[in-house]
Amino acid sequence: AQTVTQSQPEMSVQEAETVTLSCTYDTSESDYYLFWYKQPPSRQMILVIRQEAYKQQNATENRFSVNFQKAAKSFSLKISDSQLGDAAMYFCAYYGGSQGNLIFGKGTKLSVKP
Amino acid sequence: DTGVSQNPRHKITKRGQNVTFRCDPISEHNRLYWYRQTLGQGPEFLTYFQNEAQLEKSRLLSDRFSAERPKGSFSTLEIQRTEQGDSAMYLCASSQYRAGDYEKLFFGSGTQLSVL
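Line by line, the protein sequences give chains A and B. Using this note's numbering, you'd call the opening residue of the first sequence number 40 and step up by one each time. Using this note's numbering, you'd call the opening residue of the second sequence number 19 and step up by one each time.
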């Protein structure tokens, strides 16, 4: 069975600084997708960034980028120039072709200090 | 508003009562998902539909839970004989699934259930 592990329950960053959130996963599949979702206090899950496993190039979306290490099954999220609005729960998620749903990690609570 | 809509936003009920939640997906989306999220945890998959067909159910979905999507549009999730352990946020998501492509799920704001 596929699993997603986020080993950092909480992280803190100073405004305008850079922070990296960690995620590891376990799967026997070769084709899959990985995602980072943001959940602010409103509780609505917002897609931040996605990565296709067959792509070697790391995905980037403005201030958000990932470090995808397929062999190590690692998928970290880097947030550059952190803003107060980045404060939220961040969930790493896995989607594989043999299943019809997302598998989420337990999340990392990110605080941004002014 | 063209996003995923869930009603009600909050539900407080007494143990043993039945509750029903509704989810209206984005109109052209063919897949609809239900997830449950407890405090401090990530969402856990419950079930999903492709059009009106329920394709998968998690072992988390006990016999007291039933979900329907009668016309392939909105969906309802009913919990019978609620227990305090059912207290959670129930999230709905929808997507336009195409074979061979990834699914971008759009989530609603959830229904927060409190069982007293």
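Be a bit skeptical, because a hint or two may be false.
[As the list claims (entries may be wrong)] A short, non-exhaustive set of chain B residues, derived as facing chain A with CB atoms under 10 angstroms:
| hint | residue |
| --- | --- |
| 1 | 21 |
| 2 | 94 |
| 3 | 96 |
| 4 | 124 |
| 5 | 133 |
| 6 | 134 |
Hints listed in this document are in silico derivations from the structure and should not be mistaken for laboratory results. Where is the CB? At the ideal position from N, CA and C, for every residue including glycine.
Output the indices of the hints that this structure fails to meet, ascending. 2, 3, 5 and 6
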